[in-house]
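Chemist: Assemble the whole structure, with the sequences as input and the hints as a guide.
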Amino acid sequence: MIEIDRVSKAYEGRAVVDDLSLAVPNGAFCVLLGPSGCGKSTTLRMINRLVAADSGTIHIDGEDVAALPVAALRRRIGYAIQSTGLFPHWRVEDNIATVPRLLGWPRDKVEARVVELLALFRLDPETYRRKYPHELSGGEQQRVGVARALASDPDLLLMDEPFAAVDPITRDALQGEIARIHKATGKTIVFVTHDIEEALRLATDIAILDRGRLAQFAAPLDLLEHPASDFVREFVGTQGIGLKLLSVRTVRDRMRPGETAEGEPVAADAPLRDALSLMTSRHATVLPVAEDGRVVGTIALADLVR
Amino acid sequence: MKSAALWLGVLFAALLFGMPSLHLYERDSFVALFLSHAGIVAVAMVAASIVGIAAAVFVTRPAGRDFRTIADTLATIGQTFPPAAVLALAVPALGFGPRPTIVALFLYGLLPILGNAIAGLETVPASVRDAAAGMGMSAWRILTRVELPLAAPVILAGIRVAVTIGIGTATIGSTVGALTLGTPIFDGIGGNKMGFVVQGAVLVALFAIVTDLAFERLEARLRPPSSR
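Residue numbers (this note's numbering), protein chains in the order written: chain A, 974 to 1279; chain B, 0 to 227.
Hints were generated in silico from the structure; no laboratory data involved.
A virtual CB, placed ideally from N, CA and C, is assigned to each residue, including glycine.
You may find that some hints are simply not true.
[Stated by the list, open to error] Going by beta-carbon spacing under 10 Å, a handful of chain B positions derived as facing chain A:
{"hint": "1", "residue": "Glu25"}
{"hint": "2", "residue": "Gly63"}
{"hint": "3", "residue": "Arg67"}
{"hint": "4", "residue": "Ala70"}
{"hint": "5", "residue": "Pro124"}
{"hint": "6", "residue": "Ser126"}
{"hint": "7", "residue": "Val127"}
{"hint": "8", "residue": "Ala131"}
{"hint": "9", "residue": "Gly135"}
{"hint": "10", "residue": "Ser137"}
{"hint": "11", "residue": "Arg140"}
{"hint": "12", "residue": "Val145"}
{"hint": "13", "residue": "Leu149"}
[As the list claims (entries may be wrong)] Which chain A residues stay away from chain B? Per the calculated CB distances, all over 12 Å, these:
{"hint": "14", "residue": "Arg1018"}
{"hint": "15", "residue": "Asn1068"}
{"hint": "16", "residue": "Ser1125"}
{"hint": "17", "residue": "Thr1143"}
{"hint": "18", "residue": "Glu1150"}
{"hint": "19", "residue": "Arg1184"}
{"hint": "20", "residue": "Asp1195"}
{"hint": "21", "residue": "Val1259"}
[To be verified] Derived list of chain A stretches under chain B, where covered just means 3 residues or more per stretch with a C-beta under 8 Å from a C-beta of chain B:
{"hint": "22", "region": "1037-1050"}
{"hint": "23", "region": "1056-1067"}
Modeler: Below you can see the structure in the form of structure tokens.
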């Protein structure tokens, strides 16, 4: 649990974060969302004390971050950033091994962890471990950057617009991977982005920031259905709101259990948007729904708008 | 490149040991002059490198940022002040011998070393420093494991310029009692013996060129595997 309590930060008299309070439960995928200059990156960087708060406190699992030795604090928090910050003069394996080595892990444990992480990100260890960052594509660099952040198996991962600089196809794949890893590991992730679609896809909780203040903190669906202010309504976007709703609700929410239908099934945990897309491309109004490879029900076009 | 440095080095050594058989300049051995010359340059350049790199590290830290302009200005003054004038001023304080020359070369070499070290440290991407700090590396570790290795080729280029210029400039130290390969040159000018001048000049030039080529190879080796 991360408790941000009445935290403020000003630069040259201008408040960047203004009396912000936020509680992120363990295991959450919390997205800090807002336009540039809203203070989301600064908030993130105050959690691992890359930025010192002017006032207020931040506790991680009950421990005041200001009271912990800064190096020890940072070594137990994963940190991944937009431009990766990979060390250009170190091989992929040395980059990933950075924090484990700082923590003094034995050599064979570091080695095993590097191999495990490369495999987790679907990078063949034998091909990739000896390469230098400049020999990788943008997407591969970003995977290595996130793998490095996860290297010491931290409970908390901070990510500052990690996928903002990659092309849309790679971004889509990386989002899928971080969602998969979040689901598989149950880590707490605090993730900064200005991209509402990315937030809706990944978040369990979204904090919308407006000029350093918390505009709303809610689950994605709540945010779309009950925006707390005009700012939130506008930022979330009135255009395409229906499609955004379809992308945060899952097929399971609307399926008719027990029924069956013809054709390739759609996954129960897929967003409704995928079901709509499949119906459109197949000219079908009903799709079977599968869970763990078994058909468990159907979903019809009318269910999408219910 | 490799062979050029090697062959010129062999030629230099051959001349150093073979020139006495010409029976021109015979007052000092060329090997002794070379060792003294190289020693003077080495002492001055090691000192200039330590001071220059340390100053560059200091002015690129948040605490030292305000001193950046002062450091630049002082180094520029060191560079614009003619070495001959430094020698003239240093002799009353330090006496005759190698020491005034070392001071002059030190001041002369500081600017390229400091300037390149600052430039090199500033080429380290902010994101790399940010990630390093965010992962819990100490400031010292970031400096020694990340910043200096990444800046090394640029820093070395500055030292290379300073050393190459220093080898040539050291010759004038012979006018205030330093033993260098400039000694036969000034003896030749004084005694109207062109042979001495040519002997000294050829050796100094070869010494500078061989050193420059050696630095070039070292630089290539230090260059990081990427040019990002």
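Chemist: At a threshold of 10 Å, is the proposed contact between Val145 of chain B and chain A supported by beta-carbon distances?
Modeler: Hint on Val145 of chain B: holds, closest Cβ of chain A at ~6 Å, below 10 Å.
Chemist: Would the stated hint for Ser137 of chain B survive a check requiring a Cβ distance to chain A of less than 10 Å?
Modeler: At 6 Å from the nearest chain A Cβ, Ser137 of chain B passes the 10 Å test, so the hint holds.
Chemist: Taking the least C-beta to C-beta distance, is Arg67 of chain B closer than 10 Å to chain A?
Modeler: violated, 20 Å
Chemist: Does Ala70 of chain B hold up as a contact with chain A if the rule is Cβ-Cβ below 10 Å?
Modeler: Given a least distance of 26 Å, the restraint on Ala70 of chain B is violated.
Chemist: Just double-check Arg1184 of chain A for me: nearest Cβ-Cβ distance to chain B has to come out over 12 Å.
Modeler: holds, 24 Å
Chemist: Would the hint on Gly63 of chain B be counted as holding, given a Cβ-Cβ threshold of 10 Å to chain A?
Modeler: violated, 20 Å
Chemist: Given a cut of 10 Å on the nearest C-beta pair, is the interface hint for Leu149 of chain B held or broken against chain A?
Modeler: Hint on Leu149 of chain B: holds, closest Cβ of chain A at ~6 Å, below 10 Å.
Chemist: When you look at the beta carbon of Arg1018 of chain A, is every beta carbon of chain B farther off than 12 Å?
Modeler: Its Cβ does come within 12 Å of chain B, the nearest being 8 Å, so this is violated.
Chemist: Interface hint check: Ser126 of chain B, Cβ to nearest Cβ on chain A, cutoff 10 Å. Holds or violated?
Modeler: holds, 4 Å
Chemist: Compute the least Cβ-Cβ separation between Asp1195 of chain A and chain B, then decide whether it is above 12 Å.
Modeler: holds, 31 Å
Chemist: Does the claim that Asn1068 of chain A lies off the interface hold, with its Cβ farther than 12 Å from every Cβ of chain B?
Modeler: Violated, since 9 Å does not exceed 12 Å.
Chemist: Compute the least Cβ-Cβ separation between Glu1150 of chain A and chain B, then decide whether it is above 12 Å.
Modeler: With a cut-off of 12 Å, Glu1150 of chain A remains clear of chain B, as the shortest Cβ separation is near 19 Å.
Against the hints set out earlier in the document, violations occur for numbers 1, 2, 3, 4, 14, 15, 16.
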